Amino acid sequence: ELEKIKRARKLSKSKQNIAMNLHLPLGVQNRPYSMTIAYSELNNVLIDGKEVTLETSNRGNSNDIDSIYDENLKPSNIPNDETTLFCPLLKELMKSEKISELVSKCKEDITRYESLLISLNKDIRTLELELRTTNITKMTSQASKLLHLSNTRLSFVSKPFVKIWEKAEYEFSKAALWLFSISHILLLTQAASTFDMSYVRTFRIVDSLRRKLGSIVSDELSSKDISKEWASSGRLCSPRVLFTFETCNIDQSNWDINKARHKVPPLTRLQHKMEDYIYGLLRKSRVITDISSNSLFAVPINQEFVYIHEYGVKESPLTNLSNRRQSSRKKSQNSFASEISSDENCIHKSLADFVTEHVHVASTTGFNDNARKYQGNSYFELPECSKWLEISQLLYNIFINEEVANMHKNYFEIEMRKPLSMFSSFSKNNCESAYPSAVNIYKEKLPKYYTKQTHESKLNTAIEYMKKTCRGPELNTFLQRLTDECTGMWQKERRLCEAVSISGRACNKKAHRSPADKITEENKQWPVSDHSNDVHTRAFCNCGNTCADKPDPFDIKFANKLFYDNLEKNCCQSMVHLNLPVFQPSVTEPKVFKLSKADEGGEPQQNLSEVDASTTYNLDLSQPSLSRMDEHSDLAENQNAESENQNAEGENQETEFFKEPSTKEVERQHSTTEYLNGMLHTKSPGSLLPLFPSFSLLKVGNYSWYDPNVGLRQTGFIQNSFLCFWDVRNPRGADQANRSTVWKNYGSSNTHEVKLFLGNEYECALGHRFFAHHPEKIFKSQTLRKDNARKILNSDVPLYFPCPCKTEDSGNVAVAQLMRVWVAIPKAPVHVSLNPRIRPGPEDGTPTFVLSRDGPIDLTHDAVWVLRLPHLYSSDDVNYLCSSSTMNSCRVLKGMFNISRIA
Amino acid sequence: GDQARKLEISANMKMPRNIKTPFQIIDEGGQWIGDVCADYTIDQSNYCVVGVIGGQGVGKSTIASLLASKDNSEILKDGPFVISPREIREAALYQTAGIDLFITPERMIILDTYPLLSIAHFTESSPFRDSKYERGLMENQSELHALQLILFLINICHSIIVVSDCGIDLNLCRLLLTAEMLRSDLAENVNPELPYLVFLNNRISVQELNRHVFRSNVELLNEMFSTSQYKITGVDAHRVELPHLRVKRPANLFLLPEIDADKPAAFSADRGFVDGKIPPIKCFVRSLTRQILGLRRSYPQKSGQSEKAWLQSASRAWNASKKSSLLSEFTQFVP
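Chains as they are written, first to last, in my numbering: chain A, 1 to 903; chain B, 1 to 335.
Don't take each hint at face value.
What the hints assert, rightly or not - Pairwise CB distance ranges (calculated):
| # | chain 1 | residue 1 | chain 2 | residue 2 | range |
| --- | --- | --- | --- | --- | --- |
| 1 | B | C283 | A | T289 | 50 to 60 Å |
| 2 | B | Q332 | A | A371 | 30 to 40 Å |
| 3 | A | H272 | B | P85 | 11 to 21 Å |
| 4 | B | P85 | A | T289 | 30 to 40 Å |
| 5 | B | P85 | A | D219 | 56 to 66 Å |
What the hints assert, rightly or not - Derived DSS-like pairs: lysine-lysine, alpha-carbon spacing no greater than 30 Å straight-line:
| # | chain 1 | residue 1 | chain 2 | residue 2 |
| --- | --- | --- | --- | --- |
| 6 | A | K591 | A | K518 |
| 7 | A | K373 | A | K212 |
| 8 | B | K323 | A | K467 |
| 9 | B | K323 | A | K418 |
FYI, nobody ran anything at the bench for these hints, they're computed from the structure. Every value quoted in this text rests on a predicted model; they were computed, and no experiment measured them. Using N, Cα and C, we set each Cβ at its ideal position, and we do this for glycine too.
Kindly generate the complete structure, drawing on both the sequences and the hints.
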């Protein structure tokens with residue numbers, strides 16, 4: 001063994017030795033912290049007689065600060081793609097395939113390392129590797145240019161700084177692990193004037209991982225043609241780490257050895273003091289021990305290992321070494337001794353001298369940095385350059401190359417990444433302990449099913465709690481987890497259907513989709529069922545004979561049609577129905593008509609007037625019949641007078657409904673591709689019709705079906721069920737002959753009078769029914785059953801009445817709504833036409849709903865007709881509900897019935 | 001403003017005794033001994049608290065003195081804080097071992113602190129003997145003591161001056177952000193929000209005066225503190241003396257050239273500063289003090305807390321930061 005070492009040393013003397021510096025800048029400004037390392041023989045390299053000039057920054061004496069800066073920023077200090085391999089000599093080196101591989105590996109790895117600079121320093125025979133690491137370097141080095149060059153790297157914006165820090169430390173530690181395995185000397189350069197103690201932590205972590213990976217490394221190395229010791233230790237030697245500080249607060253330029261108290265220059269004393277402190281720290285943390293081969297590195301016992309740059313000199317070590325090279329070139333070459341002793345005028349040696357001393361030891365005797373009592377042989381390898389490159393590359397693959405390193409991923413995770421991510425670990429632990437409470441805060445007092453609003457407010461409370469209680473970079477991850485978990489739970493199991501019934505009550509079922517709902521991305525997975533909230537009202541069927549519970553309706557179709565259709569099946573289905581005009585599709589997928597935004601503004605006026613123009617044309621045709629009606633009946637006269645008044649206000653729409661039934665041949669073309677959203681009203685645009693009828697008009701029986709002495713034989717009436725009389729006198733001037741023949745069959749003693757019956761039936765939510773034969777009051781007395789219909793015919797009647805019943809619990813007045821209009825028409829030559837116009841709200845802004853676009857509907861004689869009115873008035877997604885403020889203004893406009901002809 | 005404040009002070013109480021030399025409020029052993037300052041505090045709430053932190057020998061006491069001196073022309077001769085003499089610096093030692101307090105006539109309370117992450121401080125003095133972090137590795141302990149100090153300062157200061165002599169000190173930034181993470185809300189925080197941070201790069205090199213470098217440094221600060229609640233804007237640094245350093249998205253980064261102890265108020269020529277380009281050191285100092293004082297206008301003062309109450313809450317804040325449960329929780333994760 002001894003022989004081997006001796007031989008190696010002998011060999012090395014005869015060879016051109018080249019040391020290698022690796023700079024690992026983690027610093028700021030133009031002063032990277034750097035690690036310089038390693039020592040290796042490059043004896044096979046042909047320098048080829050070429051002059052190798054490293055570009056050196058020139059402090060110059062330019063007066064322009066910016067130009068000084070720009071010179072300092074020249075690519076000699078900042079690598080970019082062209083200058084990464086800035087040394088011309090390296091191009092020679094790269095002719096050797098293995099180096100180029102190594103270098104290209106490093107280049108590929110540029111996401112983690114800014115670059116790997118390799119330069120050959122001929123004069124002090126070192127190969128200098130400068131490894132610039134990761135993002136922090138990028139952000140902090142002088143490289144504002146780099147900052148812009150590397151936009152693709154991790155950006156600070158999205159991550160807390162401590163996360164970036166952790167990642168950078170991990171990458172740095174990985175690189176350090178490699179460097180400690182391939183170097184003889186590491187130079188740790190710091191910009192500050194004090195030692196950054198956090199390096200000690202890195203050293204400890206690197207050391208523990210190095211031990212863990214020891215057997216893997218030696219297995220890999222044992223197959224190579226290298227010495228056993230090298231293979232088993234996995235490194236060249238126990239490397240020396242030298243510390244340099246670039247800031248100095250002591251100006252010793254005026255120091256004079258003859259006047260000073262101490263004979264040692266102050267800066268040197270400071271260096272010694274620093275050595276004591278650093279040595280003490282490293283010993284205490286067990287980074288260095290008595291036996292150097294057991295430690296990650298060693299510091300020399302008898303040599304200086306701390307170098308402080310002179311006051312006012314702030315240069316990167318690389319520059320310094322290069323400068324040194326230039327100056328030393330003039331002197332005698334190849335002699336370390338002469339270099340060290342050079343320049344006697346200078347009381348502070350240069351960095352190059354400082355490093356060269358160690359290089360000298362390495363190239364002659366090798367390092368033996370054991371404590372005195374353990375003085376013995378320590379292993380020191382001085383391999384040939386090609387061998388060194390081969391092994392370096394192998395170790396690079398194990399330690400740094402991501403794919404290969406994956407094989408040992410566990411070691412890296414446990415020994416390096418985990419201890420280095422103390423911020424994340426702390427934060428994770430902190431958040432994890434608070435997380436269950438946050439979830440509980442969310443779950444607290446939650447109903448079985450709940451709405452989005454509840455979900456969001458609960459989630460916010462939980463998030464606020466997390467934000468208040470939890471710390472650190474993992475908080476956002478946990479907030480996301482909390483949001484995901486709570487939202488998931490709500491979406492999957494606890495989501496309440498958010499449909500709201502027409503009366504404003506929410507559906508109380510789990511999220512589902514009613515058959516009537518539109519299918520959206522969100523609800524397409526939901527089960528299909530009807531909305532329900534367990535609220536029921538009592539309601540009667542179309543003819544008023546059957547009573548049933550009516551679920552709180554969620555859509556207008558159910559409210560106005562489907563419920564009644566269901567009831568009809570067992571009741572009035574067989575009766576004569578008068579079909580009301582509805583939309584007839586001509587296409588398979590008809591569209592709902594939508595008011596465009598513009599239409600809602602000033603525009604619709606114009607559109608309407610266009611519609612009106614066509615209506616006016618119809619009106620002209622119907623005009624004669626109107627005037628004829630004038631002659632026929634007082635009633636008609638009255639009606640007309642009134643309708644003329646209304647015409648003055650309502651213009652053409654109003655008169656449209658006085659259109660003679662006979663003029664219906666001028667029917668407009670109804671749209672067959674677009675239907676009306678909701679119900680038909682006087683301002684419904686164009687020729688659109690609703691999709692379904694909201695009214696029902698049916699004949700419950702012949703005239704004799706109604707017995708005026710008994711009233712309606714139906715249940716639910718709280719007082720009486722008498723209709724009121726409507727006497728229509730035989731109009732003057734009518735055709736006598738005709739009259740006599742027609743009227744003779746009519747059983748009345750007075751052949752000049754026809755007796756019709758009329759009734760406005762109101763129904764409340766509890767199923768109470770009553771007739772109101774007066775626009776303002778409900779008659780309560782039985783004796784008044786012979787009410788005359790004149791009052792309700794000649795005035796607007798209310799749509800709602802307070803029901804005489806009181807609701808059981810609260811005593812609130814129940815509201816009864818006009819639900820049915822009855823008319824009994826005898827078998828007489830009287831033609832009654834029906835034209836209900838309902839305004840379910842104040843006069844301003846409420847549309848007037850109508851039965852048909854085509855005007856009044858003729859009712860046949862000898863029949864009792866019942867018009868069932870809609871439960872709900874709705875158009876264009878606006879529901880006109882009864883409220884206490886609008887209740888009194890909801891009216892059914894007069895002129896519902898019209899004696900259109902007496903023949 | 002000044003007139004009104006003087007009136008207010010004289011109306012409420014008799015003038016306080018003028019403080020001549022700083023008081024140590026935390027001693028070398030980490031004990032609160034600041035109650036002696038009570039005589040110098042008054043019952044008024046128009047004051048601001050400025051803490052100065054930084055590594056060993058970066059010039060904390062110098063900066064504190066600059067802020068405290070009335071007349072900056074003789075900066076280093078009549079400043080109240082003791083600046084490390086040459087012998088101390090040559091022995092790699094430090095001057096300030098605990099925390100010193102000084103109150104200016106303008107009621108600016110200045111806190112000069114022990115050096116952060118200093119081996120010498122940790123080895124030579126025996127601070128925080130009663131601390132439960134005593135056992136353990138030195139590098140971790142020193143970091144925890146640094147965190148203690150910052151936790152204390154962020155609860156009682158309106159602004160903290162972060163001094164560095166080697167550009168932006170990433171370690172200090174990391175400690176500040178860690179302290180933010182570990183901050184517990186004391187009921188009596190002077191400042192319900194986190195304080196202003198003013199980064200002061202001392203002994204700048206010529207390169208740091210370059211606008212590109214300055215810009216990238218400012219950018220770095222903005223990025224680092226982008227997710228933080230610290231207020232890092234507010235000082236309009238160098239508007240007058242170095243107008244070319246204007247940036248779009250400013251941060252409180254202040255540059256200060258070397259103030260040579262032996263040659264007061266002068267640049268040392270070998271630092272490479274170019275005549276005519278750099279304004280005299282006086283301008284920098286005047287601008288710095290003006291800006292720090294200017295910040296106080298925007299302090300969200302906790303209503304009504306007087307100087308006296310501040311002193312009491314500071315004492316409690318110190319003990320709280322020493323016993324911080326979050327800090328001890330964090331120590332479990334430090335490798």
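Hint check results:
1. At about 53 Å, the CB distance of B/C283 to A/T289 agrees with the hint of 50 to 60 Å.
2. Separated by about 33 Å at the C-beta atoms, B/Q332 and A/A371 satisfy the suggested range of 30 to 40 Å.
3. Taking the beta carbon of each, A/H272 and B/P85 are about 19 Å apart, inside 11 to 21 Å as hinted.
4. Remark: the range hint 30 to 40 Å for B/P85 to A/T289 is upheld by a beta-carbon distance near 37 Å.
5. About 58 Å separates the C-beta atoms of B/P85 and A/D219, a value consistent with the hinted range of 56 to 66 Å.
6. The straight-line distance between the Cα atoms of A/K591 and A/K518 is roughly 13 Å, inside the 30 Å bound, and the hint therefore holds.
7. For a cut-off of 30 Å, the pair hint linking A/K373 to A/K212 stands: about 28 Å separates their Cα positions.
8. About 22 Å separates the Cα atoms of B/K323 and A/K467, which keeps this hinted pair within 30 Å; it holds.
9. For a cut-off of 30 Å, the pair hint linking B/K323 to A/K418 stands: about 26 Å separates their Cα positions.
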